[in-house]
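A.B. asks: If you count the sequence shown from 1, you need to add 485 to reach the working numbering.
Treat each hint with caution, since some may be false.
Quick list of in silico lysine-lysine cross-link-like pairs, DSSO-like style, CA-CA up to 27 Å [stated by the list, open to error]: (1) Lys867 x Lys785; (2) Lys785 x Lys764; (3) Lys860 x Lys843; (4) Lys867 x Lys789; (5) Lys867 x Lys853; (6) Lys583 x Lys622; (7) Lys784 x Lys766; (8) Lys545 x Lys528; (9) Lys622 x Lys653.
Think of the hints as simulated: they come from the structure by calculation, not from any bench.
Nothing here was measured: the structure is a model prediction, and the numbers come from that model.
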Amino acid sequence: MGFNGQVGMGESHSPMMNGVRSLWDHLLAGCLGVGMFVMLMMKGVLWSPEVSLYFWSSNKMELLWTVMPAVVLVSLALPSLHLLYVNNQLSNVMLDIKIVGRQWYWTYEVLNREYEMYCVSDDELEPGDRRTLEVDKPAVVPSKTPMRISVTSGDVIHAWNIPILAVKADAVPGRVNTLYGWVDNDGLYHGGCAEMCGVHHSHMPTVVEAVSAEDFFEWVEWTNEEFEVPAKGTYFQEILDSVLPCVGCEPHGGIFFDDDPRFEYMNKVFSVSMTTFEKVKYLGGEADPEVVNEVNNMKKRCQKFYYLTMAFLGNYLFMSRKAKRNKIDRTHESLYMVEQGFSTACLVGWDFLRDVHKSGKLSEEQEKEMVELIKEWENSQKELAKELVSLADKVNESNKRWWEFWKG
Numbered sequence: 486m487g488f489n490g491q492v493g494m495g496e497s498h499s500p501m502m503n504g505v506r507s508l509w510d511h512l513l514a515g516c517l518g519v520g521m522f523v524m525l526m527m528k529g530v531l532w533s534p535e536v537s538l539y540f541w542s543s544n545k546m547e548l549l550w551t552v553m554p555a556v557v558l559v560s561l562a563l564p565s566l567h568l569l570y571v572n573n574q575l576s577n578v579m580l581d582i583k584i585v586g587r588q589w590y591w592t593y594e595v596l597n598r599e600y601e602m603y604c605v606s607d608d609e610l611e612p613g614d615r616r617t618l619e620v621d622k623p624a625v626v627p628s629k630t631p632m633r634i635s636v637t638s639g640d641v642i643h644a645w646n647i648p649i650l651a652v653k654a655d656a657v658p659g660r661v662n663t664l665y666g667w668v669d670n671d672g673l674y675h676g677g678c679a680e681m682c683g684v685h686h687s688h689m690p691t692v693v694e695a696v697s698a699e700d701f702f703e704w705v706e707w708t709n710e711e712f713e714v715p716a717k718g719t720y721f722q723e724i725l726d727s728v729l730p731c732v733g734c735e736p737h738g739g740i741f742f743d744d745d746p747r748f749e750y751m752n753k754v755f756s757v758s759m760t761t762f763e764k765v766k767y768l769g770g771e772a773d774p775e776v777v778n779e780v781n782n783m784k785k786r787c788q789k790f791y792y793l794t795m796a797f798l799g800n801y802l803f804m805s806r807k808a809k810r811n812k813i814d815r816t817h818e819s820l821y822m823v824e825q826g827f828s829t830a831c832l833v834g835w836d837f838l839r840d841v842h843k844s845g846k847l848s849e850e851q852e853k854e855m856v857e858l859i860k861e862w863e864n865s866q867k868e869l870a871k872e873l874v875s876l877a878d879k880v881n882e883s884n885k886r887w888w889e890f891w892k893g
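With the hints as extra help, turn the sequences into a complete structure.
C.D. replies: Below you can see the structure in the form of structure tokens.
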């Protein structure tokens with residue numbers, strides 16, 4: 486965040502801020518060049534002894550002073566338009582955040598956790614806190630994760646703004662404004678309302694706390710008990726108990742909203758694993774309590790592995806989005822991540838099913854069902870392995886359609 490007496494924009498903690506700083510340097514250089522040119526021309530006119538009293542018109546001069554400003558303006562506008570376009574590309578989104586501005590506080594919803602963010606009063610400030618900048622509950626988000634931020638208002642016009650991340654969106658009643666969010670580093674990021682919204686406008690700060698993917702997952706597990714409500718997404722309990730069997734056949738069934746074939750494939754891998762583990766709990770009607778406990782622990786491990794795998798994949802796809810039109814093959818880094826994720830899920834799942842089968846805690850009827858379940862698991866893994874071979878072609882086809890759209 487900025488401080489009194491600071492010169493410049495401060496450190497950058499997001500790709501959007503990097504783009505803004507580059508644009509600032511470009512505009513500053515252009516403005517300095519134009520200013521120096523104008524000053525030299527003024528010097529030549531005011532202090533030159535050669536002044537023509539008969540210079541009435543010149544087509545060359547009129548063309549020059551029309552074309553040159555146009556070229557300068559276009560050279561200054563194109564980088565700005567490019568930055569606006571890139572910052573509004575909502576691709577490979579991994580997390581949805583909903584923000585509602587109200588007089589004079591913010592309401593956040595992250596993974597079905599809805600809570601209100603109020604400014605800390607002067608009486609509650611601790612040593613080191615900054616007045617009108619501290620909040621009681623910061624918004625917790627994972628770092629290095631593409632996010633879609635939806636902003637609206639419940640009363641008057643507000644504006645949600647985090648300057649150091651270069652994110653700002655007007656909160657207008659009856660309208661939802663969407664922007665792309667990304668945080669490079671863990672830490673606290675301060676902002677506030679950037680639109681005069683009433684008498685307590687200055688007491689409407691906002692704070693975003695960025696944590697690692699592992700810590701964010703731990704926070705989600707903790708809030709499952711704190712809020713007594715499961716989080717949304719294919720890797721959380723609500724979806725696992727209800728929607729999950731359809732995730733494998735519905736590409737958009739996961740938390741990863743982009744239609745990238747790599748995300749769809751990993752959603753299927755996760756769906757097959759979790760549905761198979763869930764069936765173990767109901768072998769022969771009802772499994773041994775110890776087996777059920779092992780299954781639940783395995784599901785938690787699978788959930789965390791899935792989230793972290795998709796976080797790293799989404800991170801890579803976001804950082805390499807400018808090369809989206811390039812063709813890829815099976816040696817591409819993103820496909821290597823997918824292949825390693827599939828291999829790990831396959832090996833870990835196979836070891837778990839084998840250990841349950843040989844645990845000695847199953848009845849004869851349950852052992853027979855377990856054998857059939859293992860065969861079903863093996864067949865599903867073979868199908869996923871076949872699909873993995875053609876995944877590069879699917880990605881190229883998806884990119885081709887994207888490129889043809891822009892060509893048209």
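A.B. asks: Given the hint that Lys867 pairs with Lys785, test it: the Cα-Cα distance must not exceed 27 Å.
C.D. replies: Holds. Lys867 to Lys785 sits at ~24 Å (cutoff 27 Å).
A.B. asks: Tell me if the straight-line CA distance from Lys867 to Lys789 falls inside 27 Å.
C.D. replies: holds (24 Å)
A.B. asks: Going straight from one Cα to the other, do Lys583 and Lys622 come out at no more than 27 Å?
C.D. replies: With a Cα-Cα distance of about 15 Å, the restraint between Lys583 and Lys622 holds, given a limit of 27 Å.
A.B. asks: For a C-alpha distance cap of 27 Å, please report whether Lys545 and Lys528 respect it.
C.D. replies: Roughly 22 Å separates the two Cα atoms, so the pair holds.
A.B. asks: Lys867 and Lys853: Cα distance at most 27 Å?
C.D. replies: Holds, at about 22 Å.
A.B. asks: Run the distance test for Lys860 versus Lys843: straight-line Cα separation, threshold 27 Å.
C.D. replies: holds (15 Å)
A.B. asks: Within a Cα-Cα threshold of 27 Å, do Lys785 and Lys764 meet the stated pairing?
C.D. replies: holds (15 Å)
A.B. asks: Going straight from one Cα to the other, do Lys622 and Lys653 come out at no more than 27 Å?
C.D. replies: The hint holds at about 20 Å.
A.B. asks: Holds or violated: Lys784 with Lys766, Cα cutoff 27 Å?
C.D. replies: Roughly 11 Å separates the two Cα atoms, so the pair holds.
The structure fails none of the hints (numbered hints given earlier).
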